[in-house]
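These protein sequence lines map, in sequence, to chains A and B. Just so we're aligned: the first sequence equals residues 1 to 367 in our numbering. Just so we're aligned: the second sequence equals residues 368 to 679 in our numbering.
If you're looking for bench data, these hints aren't it; they were derived computationally from the structure. Some hints could be false.
Claimed, not checked - If you anchor each label on the Cβ, the simulated ranges turn out as follows: (1) A:E194 to B:Q536: 30 to 38 Å; (2) B:H491 to A:L353: 45 to 53 Å; (3) B:G397 to A:L345: 53 to 61 Å.
To be verified - If you only want the chain B side, here are some residues facing chain A, beta carbon under 10 Å, derived: (4) G419; (5) Q420; (6) I448; (7) E452; (8) V454; (9) L455; (10) S458; (11) L459; (12) E463; (13) R466; (14) L467; (15) V515.
To be verified - Straight-line alpha carbon distances no greater than 25 Å define the calculated SDA-like cross-link-like pairs of lysine to any residue that follow: (16) B:K473 to A:V152; (17) B:K661 to B:Q624; (18) B:K478 to A:K360; (19) B:K385 to B:N415; (20) A:K360 to B:K473; (21) A:K195 to A:T359; (22) B:K478 to B:T489; (23) A:K360 to A:G208; (24) A:K195 to B:E457; (25) A:K360 to B:Q624; (26) B:K473 to A:Y4.
Beta carbons: idealized from backbone N, C-alpha and C, even for Gly.
So you can see what is in the structure, the chains are spelled out below.
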Amino acid sequence: MISYRIIFAIAQKNLRIFFREWKSNMIVFLLPLIFIAVFAFAFGGDIGAVTFQVGLVGFEGDQAQVTQNILEDLQNNQDEPLLNIQTYSDEESAREAVARMDISAVLVWEGEDQRIRLIGDTFGQSFQAIRGIVSSVAGQVFFGEDLPNPVVIDPILDTERTTSGFVYLVPGLIVYGIIMLIPQVAITVAQEREKRYVFRYLTSQVRGLDVILGYLISHGLIIGFLQTTILFSAVHLFGYRSVEGFQSLIPALIIAVPTTLLCVGIGMFIGGVVRNSEESGNWGTIITIILGFLSGAFIQLPSDTLIGDWSLAEIIPTGQASEALRQSMQFGSSLDGMRFAYISLWAIAIVILGGFVYTKRQLHQVL
Amino acid sequence: MNSLLRADTLSKTFRDRKVVKDVSLDIIQGNILAFLGPNGAGKSTVINMLTGQLTPSSGQIVWQGESYEALPERYRSLLGIMPQEVVLWESLTTEENLRLAATLHKMPQEKISSRIDDLIETLHLEKERKTLAGNLSGGYKRRLHLAVSIVHDPDIIFLDEPSPGIDPQSRRLMWDYIQSLRDQGKAILLTDHYLEEAEALADYVHILDDGQVIASGTVPELQHQFGEGDIIVIRLSDEATASEIQQMLADDYSQTQLVDCTVTIFTEQGGKEISQILQQCEPLRDKIEEISLKHPSLEDIFLLLTGREVRD
Numbered sequence: 001m002i003s004y005r006i007i008f009a010i011a012q013k014n015l016r017i018f019f020r021e022w023k024s025n026m027i028v029f030l031l032p033l034i035f036i037a038v039f040a041f042a043f044g045g046d047i048g049a050v051t052f053q054v055g056l057v058g059f060e061g062d063q064a065q066v067t068q069n070i071l072e073d074l075q076n077n078q079d080e081p082l083l084n085i086q087t088y089s090d091e092e093s094a095r096e097a098v099a100r101m102d103i104s105a106v107l108v109w110e111g112e113d114q115r116i117r118l119i120g121d122t123f124g125q126s127f128q129a130i131r132g133i134v135s136s137v138a139g140q141v142f143f144g145e146d147l148p149n150p151v152v153i154d155p156i157l158d159t160e161r162t163t164s165g166f167v168y169l170v171p172g173l174i175v176y177g178i179i180m181l182i183p184q185v186a187i188t189v190a191q192e193r194e195k196r197y198v199f200r201y202l203t204s205q206v207r208g209l210d211v212i213l214g215y216l217i218s219h220g221l222i223i224g225f226l227q228t229t230i231l232f233s234a235v236h237l238f239g240y241r242s243v244e245g246f247q248s249l250i251p252a253l254i255i256a257v258p259t260t261l262l263c264v265g266i267g268m269f270i271g272g273v274v275r276n277s278e279e280s281g282n283w284g285t286i287i288t289i290i291l292g293f294l295s296g297a298f299i300q301l302p303s304d305t306l307i308g309d310w311s312l313a314e315i316i317p318t319g320q321a322s323e324a325l326r327q328s329m330q331f332g333s334s335l336d337g338m339r340f341a342y343i344s345l346w347a348i349a350i351v352i353l354g355g356f357v358y359t360k361r362q363l364h365q366v367l
Numbered sequence: 368m369n370s371l372l373r374a375d376t377l378s379k380t381f382r383d384r385k386v387v388k389d390v391s392l393d394i395i396q397g398n399i400l401a402f403l404g405p406n407g408a409g410k411s412t413v414i415n416m417l418t419g420q421l422t423p424s425s426g427q428i429v430w431q432g433e434s435y436e437a438l439p440e441r442y443r444s445l446l447g448i449m450p451q452e453v454v455l456w457e458s459l460t461t462e463e464n465l466r467l468a469a470t471l472h473k474m475p476q477e478k479i480s481s482r483i484d485d486l487i488e489t490l491h492l493e494k495e496r497k498t499l500a501g502n503l504s505g506g507y508k509r510r511l512h513l514a515v516s517i518v519h520d521p522d523i524i525f526l527d528e529p530s531p532g533i534d535p536q537s538r539r540l541m542w543d544y545i546q547s548l549r550d551q552g553k554a555i556l557l558t559d560h561y562l563e564e565a566e567a568l569a570d571y572v573h574i575l576d577d578g579q580v581i582a583s584g585t586v587p588e589l590q591h592q593f594g595e596g597d598i599i600v601i602r603l604s605d606e607a608t609a610s611e612i613q614q615m616l617a618d619d620y621s622q623t624q625l626v627d628c629t630v631t632i633f634t635e636q637g638g639k640e641i642s643q644i645l646q647q648c649e650p651l652r653d654k655i656e657e658i659s660l661k662h663p664s665l666e667d668i669f670l671l672l673t674g675r676e677v678r679d
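Here chain A stands alone, though its shape is the one from the complex:
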């Protein structure tokens, strides 16, 4: 039978050790922040724009009260950044303006459906700012009305820009921060045997499962802290803005839970099979780098399918996590249940495997 007191005592011990040995553990926080800083300066070109260029189609001709209200609100928008509005006679010419980057987005009024279609490069920072403003305006105008979705997105994807966009990279870097836990867990686990702390488990009432659950709790909290730090830094230091603000971060936090379990499981597996903490560190780092790239943390991966319809990023669970975070933070999508289930299944399998290896190879006689 597992003991909650023991599990929480182990988790508390892990947290105390993690933060007291901050000099060696801060790399888990620093590396993702350094990457964010580098990518923000390298690829965050459109950050800081104060006026966004917007095209309108179909608003002028529609005399309906609601259309006029939207138009009025958009023109009188006092929020920063301000919109600079241009009117286009047809959608095609507006789209061409977007392609020429004369404007960042086009708002097409679809009178029949009573909604705004927002066209643009959804990966662009400017587009996201415009989307935020438009959503806000539409929310006010259509307040109380039973409409399915007053703003629909019609993306024009510019793949060249998306691969290098800072906005695109932030969710991936959060996943990379979680992946960075792998060597940290692996080293801690190996050190527990090296410093013979395992002896205290073996000669007491502790079971292998208590240790594993203790690790999951402590490192889950570390990840929560890490995610908050990365997001806070990205927003306040480097100007990152998620599409729906705080609301879009909730799915991101949820998706981080199984991803954390997965990484703790991998760390326990490595810590279980290696001979010492040095080996743990080496293998943990190698796997972190490989997994970081395969998860699309730094670059967008090719979408070529590998198995069935699945691409490499879709097969790798941390790749799915990056994509899930990107969908919620960048496009404001709600949590994809299938994606969550896929990551969770991987996480459970890896935690069981890591726990089994750790118990068999590390939790045995040490006298």
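Go by the hints and put chain B onto chain A.
Just chain B now, kept in the frame of chain A:
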């Protein structure tokens, strides 16, 4: 005398090599049992079997009258094990180490604080209560190591060299505390290379060599049985003379040892025999640098029984 834990003809074989051979011993309430032996004698293997970390190849573990092939896990928390190497969470304070160890043994929450206060006071750890274990000096570390090992108030305590490399004050404090544990009715098994410590603390001694018990008894019993009363130590100016003297005395004294320039003779009544020995050595008198008479210590008996050959 109440036997809490008994090893009944325990043996352990690793890859066709029998490292422990039919070892039997009793760990008795209110008693300190010293378990001595050179490196590789099989002490750790016996302790691992007694503490349930190894399953014996044959023999039984008897816990308060109940026989088991291996010690069941449920008894773990009735044992307190202090290994030779200090095992402390270096980034936790003295108090945190104790609290964590008590929790891992599922000690009732309401008892933990008073137990910690008691141990901190008795082992003079107050000054370092909030100090990280990694920053403690050697003596404090050893005392905390002992405290962490017994924080859950076990009935049986295994101590593996409790006080190596610490100052005499700390050692005496530890010895006094170990004796007080015995007086409280704890059963203690002490493994030691530091034989002065075993001699000072042990009520009963087992000497183990090559996996088997070669001598058992109280220290006076062993002194009587193997030391025949006294030891005469003759230090010579050179090894050749020492060897000559040993051969000269071999006919009269069956138990002699030669190490470098020193001859050790075990006798029944050293006071009477020393003058006879001096007479026998008269031709080589000039080469005798020192001659002394003493009662054999546990170390002398240990060396007599296990030899002076260096073990790995």
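Hints versus structure:
no., hint, verdict
1, A:E194 to B:Q536: 30 to 38 Å, "holds (32 Å)"
2, B:H491 to A:L353: 45 to 53 Å, "holds (47 Å)"
3, B:G397 to A:L345: 53 to 61 Å, "holds (57 Å)"
4, G419, "holds (9 Å)"
5, Q420, "holds (4 Å)"
6, I448, "holds (5 Å)"
7, E452, "holds (6 Å)"
8, V454, "holds (5 Å)"
9, L455, "holds (9 Å)"
10, S458, "holds (4 Å)"
11, L459, "holds (6 Å)"
12, E463, "holds (7 Å)"
13, R466, "holds (8 Å)"
14, L467, "holds (6 Å)"
15, V515, "holds (8 Å)"
16, B:K473 to A:V152, "violated (58 Å)"
17, B:K661 to B:Q624, "holds (15 Å)"
18, B:K478 to A:K360, "violated (33 Å)"
19, B:K385 to B:N415, "holds (15 Å)"
20, A:K360 to B:K473, "holds (23 Å)"
21, A:K195 to A:T359, "holds (17 Å)"
22, B:K478 to B:T489, "holds (17 Å)"
23, A:K360 to A:G208, "holds (9 Å)"
24, A:K195 to B:E457, "holds (9 Å)"
25, A:K360 to B:Q624, "violated (49 Å)"
26, B:K473 to A:Y4, "holds (10 Å)"
Hint check: violations occur at hints 16, 18, 25; the rest are consistent with the structure.
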